[in-house]
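Engineer: Protein chains in written order, with this note's numbering: chain A, 5 to 382; chain B, 5 to 382.
No lab work stands behind these hints: they were computed from the structure. Because the structure is a prediction, the values reported are computed rather than measured. It is possible that part of the hints are untrue.
Identical chains share a label here; the pair holds if one copy fits it or two copies do between them.
Claimed, not checked - Below, simulated BS3-like cross-link-like pairs (lysine-lysine); rule was C-alpha separation at most 30 Å, straight line:
id, residue 1, residue 2
1, 183, 290
2, 290, 49
3, 12, 161
4, 296, 172
5, 178, 296
6, 175, 293
7, 346, 172
8, 195, 296
9, 365, 260
10, 293, 124
11, 365, 161
12, 49, 172
Number of protein chains: 2
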Amino acid sequence: MKALEIVKEDRLARLGILKTEHSDVETPVFMPVGTQGTVKATTHKDLKEMGIKIILANAYHLYLRPGDSLIREMGGIHRFSGWDGSVLTDSGGYQIFSLGVLREIKEEGVLFQSHIDGSKHFLSPERIVEVQENIGADISMCLDECVPYPSSYEYTKASVELTSRWAKRCKNAKQDEGKLLFGIVQGGFYKDLRLKSAGDLVDMDFDGYAVGGLSVGEPKSIMWEMVDTVLELLPREKPRYLMGLGFPEDIVEGVKKGIDMFDCVIPTRHARNGNLFTWNGRINIKNTKYTKDEAPVDEECACYTCRTFSRAYLRHLFVSHELTSYYLNTLHNIFFYADLLKKVREAIYRGVFEAFYNEFKTRWKGGEVQDEYSICNG
Amino acid sequence: MKALEIVKEDRLARLGILKTEHSDVETPVFMPVGTQGTVKATTHKDLKEMGIKIILANAYHLYLRPGDSLIREMGGIHRFSGWDGSVLTDSGGYQIFSLGVLREIKEEGVLFQSHIDGSKHFLSPERIVEVQENIGADISMCLDECVPYPSSYEYTKASVELTSRWAKRCKNAKQDEGKLLFGIVQGGFYKDLRLKSAGDLVDMDFDGYAVGGLSVGEPKSIMWEMVDTVLELLPREKPRYLMGLGFPEDIVEGVKKGIDMFDCVIPTRHARNGNLFTWNGRINIKNTKYTKDEAPVDEECACYTCRTFSRAYLRHLFVSHELTSYYLNTLHNIFFYADLLKKVREAIYRGVFEAFYNEFKTRWKGGEVQDEYSICNG
């Protein structure tokens with residue numbers, strides 16, 4: 005099954021259609037994060053209204069609660085959650101290393117403790133594929149080891165080799181032919197190890213390839229160097245997914261290099277902290293200067309929040325700790341990201357992506373909140 | 005200006021139209037509580053879709069934050085908040101006595117400390133009317149003193165007399181002729197004082213009358229005795245508002261006695277605690293028995309939550325502390341209350357309210373969570 009149909013290319017940027025069991029998704033696409041099966045502080049109907057066709061959920065979280073066997077018994081994540089769009093599940097590798105208490109990485113798999121109740125769990129590559137098939141994800145990810153920055157060459161090399169062996173076992177364990185399985189390129193911050201990892205996975209012929217283990221504390225220039233290195237090896241005709249990024253400027257950068265898929269908690273998490281994205285950069289709605297500001301968050305934005313509410317009112321809701329504030333802010337930020345990707349796709353279609361990219365970068369710098377160094381995955 | 009047009013009567017129950025500047029509201033009506041200018045964990049568009057035409061806001065909260073002068077400067081609560089339905093503001097009397105740190109009740113007004121930052125404030129009856137006019141409420145309430153249960157006869161008597169003098173001053177202070185001002189009947193739990201209070205206020209000829217100071221810890225039988233006492237004196241042609249109640253069974257009880265308007269935090273607050281209302285009583289979605297329950301919260305309910313999600317999924321969201329849980333639960337409970345009142349109005353229109361009342365009471369008892377003694381105002 006061919007996962008990606010490339011419709012148009014503009015230099016390295018690509019416009020495509022990602023074909024999954026539940027929907028055809030136009031790429032480049034940003035997938036909002038619905039860790040526990042729901043995108044925080046919003047609803048499925050809002051996502052549908054905004055044209056969102058794919059969300060990301062975390063196998064790690066759903067495995068722990070409510071459990072993949074329960075989800076399977078309830079007919080899979082789509083039936084269980086009422087979301088009829090596509091779902092990509094992260095394998096849990098990253099979450100085990102960042103959220104759970106890691107006990108041991110063994111050839112057979114990973115032993116860890118739950119961040120919820122401290123209970124001990126063992127997940128093998130085979131089991132993590134089964135978990136994701138039980139969940140019913142349209143796209144599953146292989147189990148991988150995500151090394152911290154910095155890590156030694158020796159450690160990273162052994163880790164890449166393990167990740168490759170795990171990837172092979174994941175591929176062999178896959179049973180549901182209607183679903184897609186992506187490999188995750190690791191290799192820390194060593195070009196040759198990134199190339200080794202990418203080469204191993206490409207040889208295994210996955211449905212798509214993710215670049216993982218980035219944005220974990222390294223300088224941005226090094227991060228993009230790794231992306232460039234990996235992209236040279238990845239086959240043109242398959243979907244490319246940059247995991248866990250990022251800010252809008254990271255996304256346009258990734259698109260420019262030929263990335264098709266993105267996910268990140270930034271739009272949703274920032275929304276809950278009052279950070280709102282606009283075409284002129286980012287603002288924090290808590291700022292006292294918005295106390296009497298009758299303008300919407302972004303004059304150019306057509307979301308419900310911007311069509312209906314002033315900055316002054318949104319500030320009032322935020323400083324009053326109203327739950328409605330998190331909801332309205334989240335709606336806006338998700339809409340902004342969806343709108344950004346829509347404009348990105350239009351620019352590629354019209355063959356003017358580079359001009360779009362330059363204009364975006366220039367305008368973006370005007371925001372009152374300059375992007376801190378982005379540790380999206382931190 | 006005549007505030008209420010009575011369309012139909014069925015024994016003591018009344019079907020009417022409450023005429024306010026921003027909308028004509030069918031009564032009996034339940035007003036969701038939007039303390040700080042927004043109904044917690046939902047949005048204006050959801051309320052509109054559910055047919056909600058009037059919400060309650062608290063003058064006390066809005067006076068403290070963002071301040072009535074700011075709201076006035078921003079064009080009033082409707083323009084400021086984007087809510088184009090009607091708004092009734094509680095005067096703040098009750099909140100000062102329950103939330104703020106009360107410092108002194110004087111003939112001139114009330115001295116209190118803010119629950120937010122401890123700052124000291126003085127509000128006179130004249131000022132509280134000005135606050136509500138600055139907010140731009142369709143319906144304002146007089147400043148009143150709400151006495152605790154139990155209170156001595158002497159204290160309650162002096163308090164009723166003060167509340168009557170304050171009511172007179174509120175009436176004199178009112179400037180905006182397009183808006184309505186309601187008196188609040190107090191008198192604690194002494195029939196003669198309730199009659200004295202009602203008599204005083206009726207003589208002042210308010211646009212409508214509220215029964216206040218109930219559900220503060222007294223037995224329910226005594227509460228309804230006070231309601232019965234007061235209702236005998238209130239003019240038939242004016243709206244009657246039972247403040248701060250209550251559970252669905254309290255509402256049908258009040259309607260039966262001739263009450264037109266209700267408000268209470270119960271549907272919204274209970275939603276955030278996982279308590280969901282159904283036509284067969286109340287359930288708590290956290291209950292483990294819902295872990296695999298594929299049924300909606302209520303088979304008869306047409307709300308978005310019930311149309312889309314199973315109890316199993318809603319339980320998962322609740323135990324996972326997802327903000328979306330509070331939102332979906334709130335939607336359901338508000339819809340349930342709106343639907344209840346709609347059915348109440350239909351029954352009155354068809355002259356079968358008593359049969360409706362009896363059937364409702366019978367079914368309601370089937371709920372897994374029996375209503376605790378209702379201290380709605382506590």
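Engineer: A separate judgement is required for each hint: does it hold in the structure or not?
Structural biologist: Hints, verified against the model:
{"no.": "1", "hint": "183 - 290", "verdict": "neither (44 Å within a copy, 33 Å between copies)"}
{"no.": "2", "hint": "290 - 49", "verdict": "both (28 Å within a copy, 24 Å between copies)"}
{"no.": "3", "hint": "12 - 161", "verdict": "neither (37 Å within a copy, 82 Å between copies)"}
{"no.": "4", "hint": "296 - 172", "verdict": "neither (59 Å within a copy, 35 Å between copies)"}
{"no.": "5", "hint": "178 - 296", "verdict": "between (57 Å within a copy, 27 Å between copies)"}
{"no.": "6", "hint": "175 - 293", "verdict": "neither (54 Å within a copy, 37 Å between copies)"}
{"no.": "7", "hint": "346 - 172", "verdict": "neither (35 Å within a copy, 61 Å between copies)"}
{"no.": "8", "hint": "195 - 296", "verdict": "neither (52 Å within a copy, 48 Å between copies)"}
{"no.": "9", "hint": "365 - 260", "verdict": "within (12 Å within a copy, 65 Å between copies)"}
{"no.": "10", "hint": "293 - 124", "verdict": "between (49 Å within a copy, 25 Å between copies)"}
{"no.": "11", "hint": "365 - 161", "verdict": "neither (36 Å within a copy, 71 Å between copies)"}
{"no.": "12", "hint": "49 - 172", "verdict": "neither (38 Å within a copy, 50 Å between copies)"}
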